[in-house]
Every structure is written in structure tokens, then in C-alpha cells.
Amino acid sequence: MNELKQTCKDVLTEKKARLIIGYSEDKNKRVKPFIARTPEDAEKFVFNHHAVNNLAVYISRFKNNFEGKIGIVVKGCDLKAVTALIQESQVKRDDLYIIGVNCSGVVREIDKEFSKDNSQIKCKYCQTKTPAYFDAIAEESKEFELTVDDQQELMTKIEKMSAEEKLDFWNEQFEKCIKCYACRQVCPMCYCEQCIAEKSEPQWIDSSATARGSFAWNTIRAFHMAGRCIGCHECERACPMDIPLTLLTRKMGMVASSEFGYRHGMSIDEPTLIGSYSTSDKEDFIK
Amino acid sequence: MKIGVFVCHCGENIGRTVDCPAVSKACASFPGVVYSEDYKYMCSDPGQNLIKQAIREKGLDAVVVGSCSPHMHERTFRKACESAGINPYMVEIANLREHCSWIHNDIPQATKKAIDLMRFAVERVKFNTPLQTIKVPVTKRTLVIGGGISGIQAALDVANAGFEVVLVEKEPSIGGHMSQLSETFPTLDCSQCILTPRMVEVYQHPKIKLLSYSEVENVEGFIGNFKVTIRRKAKSVKEDLCTGCGLCAEKCPIKKKAFSEFDEGLSNRPAIYVPFPQAVPNVPVIDRSVCTYFKTGKCEMCKKVCGREAIDFTQQDTFVTEEIGSIIVATGYKLYSIDKKPETSIYKGYGEYGYGKYKDVINGLQFERIASASGPTSGEMLRPSDKKEPKKIVFIQCVGSRDESKGISYCSKICCMYTAKHAMLYKHKVHDGEAYVFYMDIRAGGKNYDEFVRRAIEEDHVNYIRGRVSKIIEEDGKLIVKGEDTIAGLQVTIEADLVVLATAMVAQPEASKLAQTLGVSYDKYGYFQEVHPKLRPVETATGGIFLAGACHSPRDIPDCVAMASAAAAKSLVLFGADMLEREPIIAKVDESTCNGCMYCQKVCAYNAIEKKEIRDRKGKLIKVVAYVNTGLCQGCGTCNATCPSKSVELTGFKDDQIFAQINAFAEV
Amino acid sequence: MEDKFEPKIVAFVCNWCTYTGADLAGTSRLKQEANARLIRVPCTGRIDPVFVIKAFESGADGVLISGCHPGDCHYNAGNFHARRRWTMFKNLLEFVGIDSTRLQFSWVSASEGKKWVSVVDGVIDSVRAKGPFTQYKKMNKEIEIPVQTGEGVPAK
Amino acid sequence: MEELIISTENFKKIVQELLGKEFRVIGIPEGENKYQEITDGSKLSLHPEAAPTSSSFKEYFFPKSEPIFFYKQNHSSVDLFDPIEDKKGIVVIGAKPCDASALPIISKVFNWDYKDDLFNKRYDSSLIIGMSCNYKDDYCFCVSTHGSPENTKGSDVFLTSLENNYFSAAAITPKGESFINDYVKYFEMDEKKHKVIERKEEIPEHFNYEKVKTWLDNNFENKFWDTAGEMCLGCAQCAFVCPTCHCFDIVDEQCSSCEGRRAKNWDACQFSLFTKHASGHNPRDNQEKRYRQRISHKFKYYNDKFGEILCTGCGRCARGCPVSLDILQVVEDINALAEKS
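Residue numbers (my numbering), protein chains in the order written: chain A, 1 to 287; chain B, 1001 to 1668; chain C, 2001 to 2156; chain D, 3001 to 3341.
In short, the hints are calculated from the structure, not lab data.
Beta carbons are placed, not taken as given, at the ideal position from N, Cα and C, and that holds for glycine.
Take these hints with a grain of salt, some might be off.
[Unchecked claim] Quick list of simulated restraints, FRET-style, between CB atoms:
hint, chain 1, residue 1, chain 2, residue 2, range
1, B, ALA1577, A, GLU159, 55 to 65 Å
2, A, SER257, D, LEU3080, 49 to 59 Å
3, D, GLU3017, A, PHE285, 54 to 64 Å
4, C, LYS2031, B, VAL1573, 20 to 30 Å
5, A, LYS29, D, ILE3084, 16 to 26 Å
6, A, MET161, B, VAL1573, 58 to 68 Å
7, D, LYS3043, A, MET161, 20 to 30 Å
8, D, GLU3017, A, SER257, 53 to 63 Å
9, B, LYS1025, C, LYS2141, 27 to 37 Å
10, D, GLU3017, B, LYS1025, 55 to 65 Å
[Stated by the list, open to error] Taking lysine-lysine pairs in the DSSO-like style, the calculated list, with each CA pair at most 27 Å apart, reads:
hint, chain 1, residue 1, chain 2, residue 2
11, D, LYS3064, C, LYS2137
12, B, LYS1654, A, LYS16
13, A, LYS9, D, LYS3223
14, B, LYS1612, A, LYS63
15, A, LYS9, A, LYS157
16, A, LYS44, D, LYS3223
17, B, LYS1620, A, LYS63
18, B, LYS1112, B, LYS1170
19, B, LYS1611, B, LYS1623
20, B, LYS1135, C, LYS2137
21, C, LYS2031, B, LYS1112
22, A, LYS176, C, LYS2138
23, A, LYS199, C, LYS2137
24, D, LYS3264, C, LYS2138
25, B, LYS1623, A, LYS199
26, B, LYS1623, D, LYS3276
27, D, LYS3211, C, LYS2137
28, B, LYS1654, D, LYS3064
29, A, LYS199, B, LYS1588
30, A, LYS63, D, LYS3072
Please work from the sequences and hints to get the whole structure.
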């Protein structure tokens, strides 16, 4: 813990970054995002099982405004978002000072203690406990065992359904949607100044939270994540209506890797899935 | 908006299955339609006048015509409307013929569909916007890359039309492979004799700037407005001072070190050399890889003997940039060399024919040099190993070509002809000699081509054997050629003195690199890719870049010359006007909402999209956005569909236009 | 005719290959069913997946997307990019319950008038067999004028 | 009138009758944590100690999306059609004080210069049965916003939980009185004198509203705002689960080229689009300003205009916030600042 505080302190004292996005604890011991601008602020930094947020979402706040580097505390999984943002030219690697933390899993329900069962789905099949690259690393790794990936069951259950059953299932889910756009706002990859959902003249997606409006929004959002979602599961965590959004994004991810062997956010110079092609891409579905 | 609707009967063609008056009546009730009319032939003069009149009298802002396919008469109706004072892009065509009346029998059904199609067009036109054709200025200069016969022809054609040409050749002299040839089929006239005058003409032409021993380094810009950087390799000789007396070459101490590229390695040349006597320009270059001075720092013989003090060992590569309007690529070909290849190469080689191992197994170009009066044997038919006259000679066709297993599936096209020519030349010089040709098929399509081959067989008694050669082994000065005669069904063994391999034509090894510099596509062999195999065979997908000669595919001299002239013509078409006019169907970026994710750039096949920095007065960066180069954009709209924030739109096919059609579908 | 279900099909076709192929089918007087309505775009690369959603919102029972064969794209690579996009989108739609009969794809070149006919008729038949897309039509209900007041009293 | 009590069992019977009489009954079914339409009286649950639902029941009075009218465009005219109105009256059962008290608060904005029939029709024909609350967590602060776990504001009938599944029922409004009379057969006198279930912990007053208000009055420009909402991501989770947030957007939606509807949809001040002008100019051009607006509207502007605090202290916005931005702590900080000055 001190290690993180110390690292961040140094970074700010030595002006390696003009500010650092990290986690702090409020008086109810709730871990939340926090920006440190002075070495004193850095004292407030914490990292533990409750540091769920993917802080990469804040990077686009500083887009085109990098007088001095932006420091950011990232877990291994969050780093994929940073990489992806670089791939999609939203930020330059040089404009960031990346403080990696070894993560040993984060909670699902923030007001409960971390445990096998109270851990984010992504942690259950986590491959990136340690960030792939960083400018500084804090927190020595604590081991934690991967538990069963219970989302898979639901995934396969849905895949087995008939088309009609699937559509009914999803309509039931989407009808809960209140178009609060929490899924979009927490998503580090949703950096558009104007979301397609806000594009009027012409109206691309009904802004009403009607059956058709919600269906359109949620499917198109998932499609915009195709080959771009880095699987931080923030959307589902943020959804106040408990819509299992990551089923969609994860499905997209599965297709991307099965059809094109592609995973987003793995390498800065890798061409993106959408935006590149191979003449030998599969096309068995085309007559 | 006031919309006028015009339904064409196309005589009986639409009228037979579509109730046109009913369609016109239905359209009259669409919101926005103020005038609706049907007529027998809308494309006829009276028909067009009907439209013009309605535009004037009813003050229409937009017109929808229900007629044949837009591919037929869209232009006609646009022109008509323009002449009546409304923007041509405020006209929409509903395809009532090809897509309706001609493909359906049931009149009520067809009529309903026709009404739907009209509604689509009416709803769409409500969102059309007046567009102006785009005008781009044109720099009327052509860059020709490659100084072979194709490059020469293209350069001369453009220059003779009165436009400046920059001709870039990577070798010390222009002339290319043609200058190496002895005679040419099917007329057997001397290659040098017909080529040299052209080379000189190029050199002396006031409109042609010849940059020999140079290579294209970088290309920026777009059709009509390229900026090309050219590397001028150091010749170590001051061109302006050199008179081409040739004394330096004469006195150069190293005679035996370097193989002559021009003689395909059958002779040697000094370190300072001109490739061949008729070289243009007739200025020597120093091959620094062999020159004693550059190796040891001593010698300087050439410098000493040169009266004009033209030798300059300190010379460095220099760079020149040229403003160019069009580019003609004529980089030509190389011969497939058959010796063993590295695993990585797509070409597998022909170890079994012993090329490079047996001195008397040579390729077509080497034979040309032997047969050539200016060649190492001064035209005498002598074989490389012992300079004896070969009494038995074997020609093997399709070495490399048409052989997937050796990496090439295509036919090199010229080998049948030049082998026949070789055999003839041999027989004309060695009257008592025997010539054998192993072939797969004889492909002698072309004017007087088959006659030529017949002549070789019937008059010059060349023995044609249909079949492949499996192996060649050397035994006391003889080459034992083992093959089969598939017609007689026999194994044949010929004790030959000389074997000539008609090896495949392949693209220049650096071709793909150049293609990338130019931003044009190329196939897996490295041949440049035309934009359309039939209708646009000399154009590349990149506007203003054209192809000439064997850099596109194997072809003989007349084909190369024809293609070169075609490419020249394409350049001249471009130069026909001061301004380049283009359909205004291009992408536009909404900078206020663009995030600069540059997905549009990733999917653009024309490099038409660049990053653009937006800064405030003080120069502080506000944001980075995508920027569409109207000169390069071809209007496919892939960027539009890819843009996540919908900040790129394709004019003419805007999202609202398409949505309007989809919304209209709800009324179907 | 009235009582029999007739599917409504939207076809998004590229201008250079499929639209021209359909023209050829017309010029060759190849008869086909009248259920499909073509929307012409310059290139399959221009087709945004939202078009498909919109088509279903407009009451389509099936959507057909057709363009140039790979390698023949008038714009070099439009259809290659499109193909990737479709692989992703089609899988997504199947996952949320819009199966492959309702959204079909084909490559039809300018010379394949016959193929175009068989493709269109094929799509129409398979969608007809599948029946109307009632589930999606239900989703649209909220937007449509309520039937009860259909002809009813104009408001204030 | 003598105080009556009623058992949970009997209450379920009442629900059954209401359903028979074509009422929409809104409550929290057993085992659920969401207000929803009850279709079977026996499923009804009444748990004062239950945690607040993730969202309030405002959607039954002010739906997330509702049609204002439908239109049909003809060649040269437009026909308008009224939406079908739901004739059923709404009965909410077991509303927490922090939810019930929100209705009279937002009713004021819906009846200010323009009377919103869509809202009023539902509100007027409704009956709210509130229930005292025995829940407390870090997020609760009803007391600080002039409310309390026993606050009867907004309820027509108010239930206080007694031992062995009994509730004492008090009529707060005439409406409530007639309701009790209609179903009096299910109520009984409290002979046994059931004891009221005392709450384990009192909810403290976290801040002094008046102080906070005065500070807000004078500190529109204050560096406090630069960091207060800094981490807010600008989603509308807080607004949409809030019982008092009432902003809406009006949109036209096409279902075909000449048919469609005009609809009224939830909107929220945390969206960047909320104040974006057609010109592209946005007076609240960053999240900090938008967050100031949210706080100020709740604790100052609304009070200035309607004499009400636009917050009942339910704490939902904080419980659900993806970045754990806690309105209570923000207002506490303001309170601290206020005390300093």
C-alpha cells in the first residue's frame, strides 16, 4: 500500500506527471476514483479489492490537453483499455505515465467483502493480473485462484435458445432499460463527443426508452463494441437496471477471436479488427 | 419543397405491366408532390420539355422520374433539369423498368411496387442537397518511372503533345531490356536499330527531363497534384563536364572484376563504365562496389586521364522534388532465374536444369546477347564455356511459367515467340546445326505470329518436341538433355552443346516497394494491379497513376508500346482541362463532433483521409480530427458506415437520404 | 393473396455490381417475385448495421444485403471491410434473436442476372416460410398510432 | 377517529379486492426489491426494515417515455391523435416516506405555469399508502432534508409497523379516510395494544439544510465546485432512480415517412446534451458545472421557486453511482464550508 502512495508521491514531486488518476477511500470506507494533483493528495491513494473502477475512462477527459503527462493507476485489465485508446489515437503513449498495480481481484457488490463469490465475473477468468507494461509498478501480487466462470453457463444457455426465445429473453432485459447511458459513460471505449444515440438529423436511434428504442440502443452499442470491448465489465456494473450487458460485449469478443483470432487492447501497434481486413476472411454466411 | 413527379411509360416497356396513370395519380397524393404526370417517352425531347415546362411553371425544387435504370438516363434527366434551372443533384430516378415492369407479370403487383419505388425516390429527394461538381487544379507534367521501351514511348507521346515529362531510370542508361535484344519477332528487324533513335529523341527532346541512375523516393499528393521526391544516385562523374569520350573506361585498371549487366554476365566491364556503346546519356558511372579507389583510396586512374576533370569521387546522392500531375509506371520485368532459391522465395527454382552450374545452360536474354552483333561474341554463335560453335542446341519453353509447383501459374506470353526467333537466328547462323524446342503448347496469337512459328518449323526445320525436360547433366563437354516426347510417347535424350531456357518473366523485385510508395495495389507476383481488368486496364485505383508495359503483366514490345501510348493518352486526357472535374459524391467530416479515432482513415482505400489539427488563435491544439482530401476521395462511403459518431457523411448518399427511403418502406 | 402472408423484403445493394446485376436480370426479362424493394448504395462498405435495424423498425420481415464479389469491389476494398462488419453484426443479431433467415447476404456481380433472381426468390421463399416478424412488429407498437383512436378524434 | 390496526394478511385481501375493482396496485412483491405492479394480492410484502428499492415508483406517475400525441401527415394537412389513457386508478402500497413525500414535491413543478395533464390524471386518481421505515445505512439522510422515517407527507394512509405483523393505519387525507371506510371490515381496534417496533438506530441529521442553503445562495462561483463533481461521468443513473428528479425531453419519432408520435422522455442535467444549444454552444460545458447545477437545483433553486427541497434523502443516487459519488458527503462538505464562513 505504502508502495503505491510512495510511487505516486515521487511521480508528482518529480513532476513526471502533472496529476494522477487513482483510487481513494471516502469516510464510509468506499473506494472511489480520485485525482491527485499534489504530493500531499497522493497520501489519499489506496488500492484494494474494492478498486473496481476502470480509470481509463477518465483519459478522454484530458484529450488534446496534455500540458504535462497524465498519471494513471491501472490494473492489468484496465491497461487493455489504455492500449486500446492509444490504438484508436485518443491518447499518445508519451502523454501518459502509467502506474501499474498487481491486482488480486475486485468485488462485485461494493458494500461486501471480497470473496470467491463476491468477485467480478472478469476476475474469474482473469489473464492479466499484472499489467503488460507500465512506467512504474506498485503492489506486490497476492495470489488468488480463478473460480468458475459462471457467465459461460448463461451464455451457452442463451446460445441454445431458439431465435424467438432469444429475442423474448433480450426484450425482457432491454425493456428494463431507462436510457440513463451509465453503460456508455463508464465505458473507457465510449469516448465519442457525440454518441450515435445523440445523433439527430437524422435520428439514428430512438431516444425513447421504448421497446424498439431500447433494443436498437443496446444492440448498436454492443456492435460499436465489436472488436473494441476490452472486457472490463464496467457497463454491467454501472447498469442500475441489472441488464446483463457483458453477455453481448463478451459474445462480440468471442466472435472476434474465433473468426479473426483478434483481441482488442493487446498491442499498441496491432491493426484494429474493424478497420483492417484479410482477403481470406471467412464468408460462409454469404451466398 | 415542391416536388414534381414524372412517370414514363417507356412505350410499352413499363406501360405493359405498370399502370402508369395510376402510379402518377398515387404520387400526386404524396406530401410534398405538387405536380405529377405520366408520358409515353420521358427521355424523348417532348418528354424532357414536359419536365422543363413543369419546373418553370410550377416552380419545382426537385424532380423524381419513374423510368428506366438510373444507369441509363439519370444523366439525361439531370441535364434536362439543369437546363431548366434546378441543380442536377435534385433529381432522383425510380427504376420502374429493369427493376419492375420487366421482371413482373402481375399488373396490380407491379403497379403497387412501382408506387412504392416512386415513394422511395420522393422521400429521398426531400433530403437531397444541391451539389456542385468538384474542380481540382492540374499540374500538367508527367512522371514516367522506367526508361525501357514502354517508358520511352509514354514519355515521347506526352512530350510530343506539348507537356513536360520527367523520365526516371534507375540504370545509368535508358533502353531497358529491348536494348539487349538482337532481332525482334516477327519481322526479325534489329532491335537496336529501331530503339536507339527513340532513345536519342528522348535525350534531345526539349520537353523531357531525363534523370538516369535515379529512383523515386517518395510520393505525396493526389491526381493532378503529386509531389515526387527523386533520389539521384551519385555517378561520381560530373554529367555537365563529361563528353563521353570513354577514355576513363579504357584506362580503368580493373577489367575482369565486374560482370556486365548489359551482357547478362557473359562479359566483363570496368569499374567506371557506360552499360553499352549506344547508352543514353553517354555518361559513365563508377561502380563503387568494385572500384579500387573506393576500396583502397588509391588508383584515381580515371581522374588522371579525364581531360575535363569530370570525375568526382566525393559526389553524394542528391534529392530533387518535382511537381507532377500524372504518373506513368513502366518499371518492366526481370527474368526468373532458375537456380535454387531460398525457402522464403515464392519461386522454387530449377536446380535440375543446372543453370549457374553449367556454363552452357543459358537463359533467353543471354542468347540474345550472343546472337547480338554488339554482344560479347560480336554476333558469332559461340557457346560461353569454350567459345565453340554449338552444333546441337536445345530450347526449353515454359521454364517457370505455367508451373504452380515452381511458384508461377501464369503464361509469360512472349517465350513461344522468342524461342521460335532464337531457333531461327541459330539456324541462319549455323546452317548445319540442329535446333530442338521442348514446348508445352505453342501460343502464337497475334498478327503474323503463328506464321512466324510455322516458318521456324517448316522453312528452318527446327524440331519441335511436345514435352518437358526432366533433367540436364553435363558429360565431357556435352549437355545430356533428358525429356519426353508426349506425342510420340517416347523418352528422348539429346546430347546438346548449348541449352537455352525460356525462363518466365517476373516483376521487378522492388516493384512492390514502389507500389506502396505510390499507394497503388499489386498482385501476389508483384505485378501492378489495374483498376478494372476490362474497362480500365491501364489505370490504377489511385487517380492519376497509370501503368505501361511489363510492370503490369508479361507482354511483348508491340503490346508494351500500345499500352504506353494508352497510358500517355490517359495523362493527356487529364491535361485536357486546367481544372479536374469530379462527381461531388465525396465524404465530408463534421469537425465539431469528430473524435479523431481515425477509423475512417483505416478503411479508406484511397489514402484520402488524413489527420487535421485544429488550433486556436494562439496555436494551442484544440482537437485532432479527420480530414477528407476531395481530390482523392472516390465516394464509396465506407468511412461513413464505419464512423462510430457518424461524423463523416457521404454527400449524395447521406444518412438522412437513405433513412428516408427506409422510412418510406414502412408504407409498403 | 390477401390472406396469404407476403413477406416484405428490403435489399441494400451496391451500385456497381448487384444493382447492375439486377438491371441485367431486368434487361433479360428474368421474372422474379415482387416482394423485394431495393435501396441503392455506392458500395456495401457504405451500409451501416443500423440500416438493418431501421429496416426492421419499418416493418421488414427480411433484409438482403448484396454487393460485388471479393476482389471485384469498384472501390477496391469496400466489400472486404463490409464482410468483417457483417460477420460481427450477423453473429450479434443471431445472439439477440434475429436469425439468419431474416438477414441474408450475397455477392452478385453485374453479370449475374440469373444469380440475382435465384437469390431474391430464395430470400423471399425462406422468409415466407418463416412467417411475419411479429416479435419485432410488436416492439414498434408504441410508436404507431393506437388502433382504438385510429380514425378517432383529432386532439385539440 | 379511533386508531385502527390491520394485519398483513388482511392487507393482502384488500389488494385482492382492489385488483378486482380495476385498480393498478403498485407495491413490492415478496422476495423482490423493486416497486412493480402487483397482480396477486398474496404476493404483497410489507417490510419496514427492507432496504430502499433501487429505483423509486415515480415511473408510474411520470413514465420514462410516454406519448403526448400521434400524428399523421397527409398531402397538405396533419391529423393528430390522442394516446389511449389508462382509466385505472393507481394505488401504491408500502411506500417509504422518502418515496411518498416526493410526489407532492414534483407535483408542484407539473402544476406550475403549465398544468401537465399526463401527470395530474394519474396523481389525482391515485392513493398512496405510506409505511414507516426501519432501515438505515450510510446513504440515508431523510432527516437532514426535513423528512423522517415516520414522515407522512405524500401519503393518504400511513402505516406504522407493530409487533406480530400488524400495522397501525392512520388516515392522512380525506382520500385516505374514505379508503379506510371502504375497507373498514379488514381493520380492527387495537385491543391488545400492540407495541410499535422501535427502530434500531436513529437517522442522524447529517447537515443543517438552512446553512447549506445560505451557502449555496452565495457561492455559485466557488472553487469547491471545481472538484465536487470532478469524477462524475455524466450518466443519469442518479436522476432516473431519484424520486424527485423530473426533467424531461420532448422528441418526435417517426414510424414511417408520414406517421409518428411526439413523446415525453426522462432527461437529466448530468447529460452534456441537456443544455447544448442548436448553435453548438453549451453553457454548462463541463461536468463540474453540471454537477453544481444538480446540487443547486435540489437544494436551492427548487426551494427558491416552490419552497421545497428537491431531495428526500433516500440515498439511491449514491447507492447506485458507478463512481460512488455520494451526494450526502458533497452536501456535508458544503455544510462544513458553511460552518466555517
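For each hint, the structure was consulted:
Judged by the Cβ atoms, the range 55 to 65 Å given for ALA1577/B and GLU159/A holds: they are separated by roughly 60 Å. Checking the proposed 49 to 59 Å range against SER257/A and LEU3080/D shows it holds: the Cβ atoms sit about 52 Å from each other. About 57 Å separates the C-beta atoms of GLU3017/D and PHE285/A, a value consistent with the hinted range of 54 to 64 Å. At about 42 Å, the beta-carbon gap between LYS2031/C and VAL1573/B misses the expected band of 20 to 30 Å.
About 51 Å separates the C-beta atoms of LYS29/A and ILE3084/D, a value inconsistent with the hinted range of 16 to 26 Å. Between MET161/A and VAL1573/B the beta carbon distance is about 60 Å. The supplied range of 58 to 68 Å therefore holds. Restraint check, LYS3043/D to MET161/A: a C-beta distance of roughly 28 Å satisfies the suggested window 20 to 30 Å. Under the hint 53 to 63 Å, the C-beta atoms of GLU3017/D and SER257/A, about 58 Å apart, fit the expected range.
Distance hint check: the CB atoms of LYS1025/B and LYS2141/C are about 32 Å apart, consistent with the given range 27 to 37 Å. Checked against the hint of 55 to 65 Å, the C-beta distance between GLU3017/D and LYS1025/B comes to roughly 60 Å, which is consistent with it. Proximity of LYS3064/D to LYS2137/C is assessed by CA-CA distance (about 21 Å); at most 27 Å being required, the pair is judged to hold. With a CA separation close to 47 Å, the supplied pair LYS1654/B and LYS16/A exceeds the 27 Å bound.
Between the alpha carbons of LYS9/A and LYS3223/D the distance comes to roughly 24 Å, so the proposed pair stays at or under 27 Å and holds. Taking the CA atoms of LYS1612/B and LYS63/A, the gap is near 15 Å; set against the 27 Å cutoff, the hint holds. Proximity of LYS9/A to LYS157/A is assessed by CA-CA distance (about 49 Å); at most 27 Å being required, the pair is judged violated. With a C-alpha separation of about 20 Å, the suggested pair LYS44/A and LYS3223/D falls inside the 27 Å cut-off, and the hint holds.
Only pairs whose Cα atoms come within 27 Å are accepted, and LYS1620/B paired with LYS63/A is accepted, the gap being roughly 13 Å. For the hint pairing LYS1112/B with LYS1170/B, the CA-to-CA distance comes to about 66 Å; that exceeds 27 Å, so the pair is violated. Only pairs whose Cα atoms come within 27 Å are accepted, and LYS1611/B paired with LYS1623/B is accepted, the gap being roughly 10 Å. Simply put, LYS1135/B and LYS2137/C have alpha-carbon atoms about 48 Å apart, too far for the 27 Å limit, and the pair is violated.
Between LYS2031/C and LYS1112/B, the direct Cα distance comes to roughly 16 Å. Compliance with the 27 Å bound is thereby established for this hinted pair. Taking the CA atoms of LYS176/A and LYS2138/C, the gap is about 16 Å. The hint holds against a cut of 27 Å. As the CA atoms of LYS199/A and LYS2137/C are separated by approximately 24 Å, the hinted pair is consistent with the 27 Å bound. A threshold of 27 Å between alpha carbons decides the hint, and for LYS3264/D with LYS2138/C the separation of about 21 Å falls inside it, so the pair holds.
Of the pairs offered as hints, the one joining LYS1623/B and LYS199/A holds, with about 20 Å between alpha carbons and a cut-off of 27 Å not exceeded. This hinted pair checks out: LYS1623/B and LYS3276/D have alpha carbons roughly 19 Å apart, not beyond 27 Å. Taken as a hint, the LYS3211/D and LYS2137/C pair is broken in the structure, with Cα atoms around 55 Å apart against an allowance of 27 Å. Distance check on the hinted pair: LYS1654/B and LYS3064/D sit about 31 Å apart at the alpha-carbon level, beyond 27 Å; violated.
As the CA atoms of LYS199/A and LYS1588/B are separated by approximately 16 Å, the hinted pair is consistent with the 27 Å bound. A hinted pair counts as satisfied when its Cα atoms are at most 27 Å apart, and LYS63/A with LYS3072/D does not qualify at roughly 45 Å.
Checked against the numbered hints above, the structure breaks hints 4, 5, 12, 15, 18, 20, 27, 28 and 30 and satisfies the rest.
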